[in-house]
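S.K.: For the sequence shown, the numbering used here begins at 283 and goes up steadily by one.
For the record, the hints were derived by calculation from the structure and aren't laboratory data. In this text the structure is predicted, and so the values were computed from the model without any measurement. Just so you know, not all the hints are guaranteed correct.
[As the list claims (entries may be wrong)] With a cut-off of at most 30 Å between alpha-carbon atoms, the simulated DSBU-like pairs for lysine-lysine come out as follows:
#1 K376 with K299
#2 K376 with K452
#3 K299 with K452
#4 K438 with K299
#5 K438 with K452
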Amino acid sequence: MTKISIIYYSATGNLHKMAAAMAEGAAETGAEVRVRRVGELAPPEAIAQNPRWVDHLAWAEEHVEQAALDDLDWADGIALGSPTRFGLPAAQLKNFLDQTGGLWYQDRLVNKVVTAFTSASTGHGGLESTVLAMLNTAYHWGSVVLPLGYTDPSVKETGNPYGTSFVSRKGSAPDEPTLATARHQGRRLVAVAGAVAALGNGEPG
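From just these sequences and the hints, can you work out the full model?
M.R.: What follows is the structure, encoded as structure tokens:
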């Protein structure tokens, strides 16, 4: 059974919805899936200014397990998700990725398949650059970087071959085309990660 970890940061819930859809797609293929959120770093006073942030954080702390390094070590395939922050992933996700030095040093992340997804509030808010920035880490790990590509009709509608993305205008939640693309990306991750694992996932070189 292919093992998939979906590790994300979500402030108001959009990235969580996309992660959940990706998990649905992965699970449809028979994969074992972990959905994990990274820890919140923002100060309480900043969170308090946005009721959606307050509500989602309270819900997530009760319902979604926090990511651990073992979730990376365990997986054959990894999906990383973050909203854009000036064209870069959020500090919360970056903080988690910065803790992977020990796994990197031991070659524990070599040949794992890694893909990414994101959301922004504007069409030119850094969707592509945020996906690319998340995947820069995977290059250093020695992982196999998996683009979404135009590999499904849903991607032709949503239009981003780098990874599932959504433009959340006025705080809107991910629409069905976006969730369909996320489900496809989950299935694609399982297919490729399973094939790589069959060749000897985790072996250096």
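S.K.: Please name the hints from earlier in the document that this structure breaks, with their numbers sorted from lowest to highest.
M.R.: Hint check: nothing fails, all pass.
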